[in-house]
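S.K.: Sequence:
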Amino acid sequence: MHEDNRLIKGLVNNQRPVLEEIYQTYQPKIIRFVQSNSGSRIEGEDLFQEALMVLFYKSRQADFQLTSSFYSLLYGICRNLWLKKLRKKSRKEVTLSEDQEYKDEQDIEQHIFLRERRSLITEKWKQLTGRCQKIMHLFYQERKKMAEIATVMG
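Take any residue in the sequence shown, note its place counting from 1, add 31, and you have its number in my numbering.
Calculated from the structure, these hints are not laboratory results.
Accuracy of the hints is not assured; some may be wrong.
[As the list claims (entries may be wrong)] Between beta-carbon pairs, the in silico distance windows are: (1) Arg47 x Gln92: 22 to 28 Å; (2) Met84 x Lys176: 54 to 60 Å; (3) Trp156 x Arg47: 44 to 50 Å; (4) Tyr171 x Met84: 42 to 48 Å.
No experiment lies behind these values; they were computed from the predicted model shown.
Here a beta-carbon is modelled for each residue, glycine too, at the ideal position from N, C-alpha and C.
Using the sequences provided together with the hints, build the complete structure.
M.R.: Here it is as structure tokens:
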């Protein structure tokens, strides 16, 4: 049983303290997501409410089982709903700032993992000296052999 099941149960059972926690913790994140992807605060609030309704109905299904964090599931629902709204508005292909589309909750978890890993790699990259960065670039990006790198680097 996932630890965030208490949030699902609180949502389904309309438990005021849990609903307040959900709104305080997650609504600002969803609003920021919408605002950073061509939306307004009001659209973010509406999207959050709509996603909670989707989550409410989804969680009442007999076969529902929370396999990811509450936020991962909520974010995925919001992201898919927002993509659909943007596509409807523009009638053309839309790419969100996260530049990845999800098929299910596992895709969301995978995306969050990859984003955190990319952030860590970027942070560690900045800690390397310029010379080390150049060696890494030659080896991984330009696919140079070690002998060639040694020659280039002197």
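S.K.: Would you pick out the hints that fail for this structure and give their numbers low to high?
M.R.: Failing hints: none at all.
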